[in-house]
Amino acid sequence: MTYLIEEKNDYLVVYLEGEVDLSCSPEARRVILDCLQKQRHLLVDLSRVSYIDSSGVASLVEGYQVSRSKNLNFALVGVSDNALNVLKLARLDQVFPIYTSIEALLQGGS
Amino acid sequence: MPPQGVLAVVHACARNEMDATRISELVTQVPSLSAELLRLSNTAYFGFSGEVTSIARAVTLIGHRVLRNIALCIAMKATLKPDQLPAFPVAEFWEMALRRGVCARILAAEAAQDKEAGFTVGLLQDFGLLVMFYLNPKVTNEWSRLSELTPDTRYDLEQQLFNTTHDRVGFQLAQAWSLPEEFTIAMGYHHQGTSAEIDKSSVELCKLAQCADWMSAVFTSDNRREAIKQSRSLLLDYYGISSEQSNDLMAQVAVSMNEAASAFRFDLGEQVDFEDLIGEANLHLVEENLSFQQMNWHLEHTLKERDKIASELNKELDLAREVQRSLLPDESDHLEGIAGLNVSAKVVSGDFYDFYKLRNGKVAFCIADVSGKGMNAALLMAKASSLFHCLGKSIHDPSKLLAMLNREILETSIHGMFVTMLAGVFDPESRVVKIANAGHLPAILMRGSTFDSEYPAMAPPLGVIPDARFPLDELRLTSNMHLYLYTDGLLEAKVNGEQRLEREGLLQLFSRYSDIPPAMRLLHIVTDVRSSGGRVDDDMTILLLKG
Chain A
1 MTYLIEEKND
11 YLVVYLEGEV
21 DLSCSPEARR
31 VILDCLQKQR
41 HLLVDLSRVS
51 YIDSSGVASL
61 VEGYQVSRSK
71 NLNFALVGVS
81 DNALNVLKLA
91 RLDQVFPIYT
101 SIEALLQGGS
Chain B
1001 MPPQGVLAVV
1011 HACARNEMDA
1021 TRISELVTQV
1031 PSLSAELLRL
1041 SNTAYFGFSG
1051 EVTSIARAVT
1061 LIGHRVLRNI
1071 ALCIAMKATL
1081 KPDQLPAFPV
1091 AEFWEMALRR
1101 GVCARILAAE
1111 AAQDKEAGFT
1121 VGLLQDFGLL
1131 VMFYLNPKVT
1141 NEWSRLSELT
1151 PDTRYDLEQQ
1161 LFNTTHDRVG
1171 FQLAQAWSLP
1181 EEFTIAMGYH
1191 HQGTSAEIDK
1201 SSVELCKLAQ
1211 CADWMSAVFT
1221 SDNRREAIKQ
1231 SRSLLLDYYG
1241 ISSEQSNDLM
1251 AQVAVSMNEA
1261 ASAFRFDLGE
1271 QVDFEDLIGE
1281 ANLHLVEENL
1291 SFQQMNWHLE
1301 HTLKERDKIA
1311 SELNKELDLA
1321 REVQRSLLPD
1331 ESDHLEGIAG
1341 LNVSAKVVSG
1351 DFYDFYKLRN
1361 GKVAFCIADV
1371 SGKGMNAALL
1381 MAKASSLFHC
1391 LGKSIHDPSK
1401 LLAMLNREIL
1411 ETSIHGMFVT
1421 MLAGVFDPES
1431 RVVKIANAGH
1441 LPAILMRGST
1451 FDSEYPAMAP
1461 PLGVIPDARF
1471 PLDELRLTSN
1481 MHLYLYTDGL
1491 LEAKVNGEQR
1501 LEREGLLQLF
1511 SRYSDIPPAM
1521 RLLHIVTDVR
1531 SSGGRVDDDM
1541 TILLLKG
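Residue numbers (this note's numbering), protein chains in the order written: chain A, 1 to 110; chain B, 1001 to 1547.
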């Protein structure tokens, strides 16, 4: 897994890429929590995630829960089919705000 | 004051002319002592043949001197109870007292003296210090400092803190208890040693006490080199014991401590090996004189330490695995038509399943997977499975049960960790199965060897959001129908190299073994997955209900 952080308007955007499994989900978790620690709204881009397991999903869930406790926005954008399948199976697509792209979010779309 | 009856036994034992019958009578009057005596007589510590059931026999077998020690132990423990000085680590004090007793006993045996008298004086010599703490609870926090000092520096600090010292207080105490004179004197004069003008037998006890104090400090003091040096010098002066012999004596201490502690019911921390202590003391020399041999020792010590930690960790993990195993149903929980199997990829697992019969004859069951792996997942697994096992007995509606579990897990769980769970209740009469699925993989219903339908999650996992609702699904499990619940470890098991089993592969296995009895079938399925050349990276758990 690799990642990249970018600033867009009020948001920090974390781009995750590759396989997010047990070997690297602690890193994904740290990156996500660090951003929230800076009191910044956060988007996690999963468009280049080829595989995500439950530990990776747990990092996202933790980001989501921490953002709520800090009154920050948290959303997933451009979720790849593979990642979306995992989220859907666990019905977590009902939990996370999911947008097709950052532009769609910023323009108030879905 | 200690119980009078116990003291009477102490006094009686000190008088050699007292016969066993009279002593037995005295012992019988003190229930705690009688019980302890019988218990001890039957421990391996004394190794008497046959069960000892009468007090008289126990007194005869054990002998006056040991009996006196037992009585003194009880008297000391009874005099000052831990709740009188809550913040004081009484157990630590007893451990140090016991170590002095053990040191004095070992030394007495070596010096051809009465070893039980040695034990007694070692045990009693610092009792005054405990009394000083009871009288001055405000200085309780100084104990940790005192306990790490060598006998001479501790003596000075006592004087500063309490304006008196343990030998003076101990002397008064021994007089108040009317202890035999030689003990009273040894308690009062062991820091003066041979310089005090006292009779010969008391001098010998004082010497033993003094040596035991320093020997014991080797195991507890922050200045071990000094303690070792001083012990060797005293042993040589008093008994002509060489350094090598003194090492042998020290090496016996840890073993004897454990034996004595279990016999006299002291709770001990782990006993440090004398060889390790010697090595540690030598370590300081490395700084002064870097020799290859010592560097080598350092390396060996480090490796030994690492192995020790690894072995301790393994023990902990084994224990954790045991606990986890105990949370899963076993053969004694056998129910007709239902079976489960769990194979862990690591020592501890984040998966679990459960089933049990409810009072109304229905069967509650569940399968679950905790996010992440390792010890934190295992602990959450233990919590979730206990909650299911306990609450499931009174909440028979799977939907309500999951809502309750969700609240419980959310309340205390660490951020981000969640549990996917599929829970259900099966009625063997009507064959109706009610299930609710919290973010878990779909349950798969097979009709014979063909796929019939599946029951995906309608709600997120437990521990993610409050107020989640968990809709109920209902199905009839008629004969020839099989309902499979499983965890993602099975779907993601890599078969034929890098390829994952996936849903299709799993359906093929369900189909292939559809006519085998449930428990055997699960074994076949899992064995097939494992033997197909792939790695198992995750726990695999599977539960089957047969119509």
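Hints listed in this document are in silico derivations from the structure and should not be mistaken for laboratory results.
Keep in mind that this is a model prediction, so the values were computed, not measured.
Keep in mind that the hints are not guaranteed to be accurate.
[To be verified] Here are the simulated lysine to any residue pairs, SDA-like style, with alpha carbons at most 20 Å apart:
{"id": "1", "chain 1": "A", "residue 1": "K88", "chain 2": "B", "residue 2": "I1465"}
{"id": "2", "chain 1": "A", "residue 1": "K88", "chain 2": "B", "residue 2": "D1473"}
{"id": "3", "chain 1": "A", "residue 1": "K88", "chain 2": "B", "residue 2": "P1456"}
{"id": "4", "chain 1": "B", "residue 1": "K1494", "chain 2": "A", "residue 2": "S50"}
[Stated by the list, open to error] Each pair of labels, with its calculated beta carbon distance range:
{"id": "5", "chain 1": "B", "residue 1": "T1164", "chain 2": "A", "residue 2": "P26", "range": "23 to 33 Å"}
{"id": "6", "chain 1": "B", "residue 1": "M1520", "chain 2": "A", "residue 2": "N85", "range": "15 to 25 Å"}
{"id": "7", "chain 1": "A", "residue 1": "P97", "chain 2": "B", "residue 2": "P1471", "range": "17 to 27 Å"}
{"id": "8", "chain 1": "B", "residue 1": "S1511", "chain 2": "A", "residue 2": "G18", "range": "28 to 38 Å"}
{"id": "9", "chain 1": "A", "residue 1": "Q39", "chain 2": "B", "residue 2": "M1520", "range": "53 to 63 Å"}
{"id": "10", "chain 1": "B", "residue 1": "E1429", "chain 2": "A", "residue 2": "K38", "range": "31 to 41 Å"}
{"id": "11", "chain 1": "A", "residue 1": "E19", "chain 2": "B", "residue 2": "M1520", "range": "33 to 43 Å"}
{"id": "12", "chain 1": "A", "residue 1": "D81", "chain 2": "B", "residue 2": "F1451", "range": "17 to 27 Å"}
Every residue, glycine too, gets a C-beta built ideally from N, C-alpha and C.
Results of checking the hints against the structure:
1. At roughly 16 Å between alpha-carbon atoms, A/K88 and B/I1465 fall within 20 Å of each other, so this suggested pair holds.
2. For the proposed pair A/K88 and B/D1473, the alpha carbon gap of about 18 Å is at most 20 Å, so the pair holds.
3. For the given pair, A/K88 sits about 10 Å from B/P1456 by alpha-carbon distance, which is consistent with the 20 Å threshold.
4. Taking the CA atoms of B/K1494 and A/S50, the gap is near 17 Å; set against the 20 Å cutoff, the hint holds.
5. Checked against the given bound of 23 to 33 Å, the beta carbons of B/T1164 and A/P26, roughly 57 Å apart, lie outside it.
6. Between B/M1520 and A/N85 the Cβ separation comes to about 33 Å, which falls outside the hinted range of 15 to 25 Å.
7. For A/P97 paired with B/P1471, a C-beta distance near 22 Å keeps the hint of 17 to 27 Å intact.
8. For the pair B/S1511 and A/G18, the supplied restraint of 28 to 38 Å holds, since their beta-carbon distance comes to about 35 Å.
9. Distance hint check: the CB atoms of A/Q39 and B/M1520 are about 57 Å apart, consistent with the given range 53 to 63 Å.
10. At about 60 Å, the beta-carbon gap between B/E1429 and A/K38 misses the expected band of 31 to 41 Å.
11. The given range of 33 to 43 Å is respected by A/E19 and B/M1520, whose C-beta atoms sit roughly 36 Å from each other.
12. In this structure, A/D81 and B/F1451 meet the distance hint of 17 to 27 Å, their C-beta atoms being roughly 23 Å apart.
In this structure, the earlier hints numbered 5, 6, 10 are contradicted, and the remaining ones agree with it.
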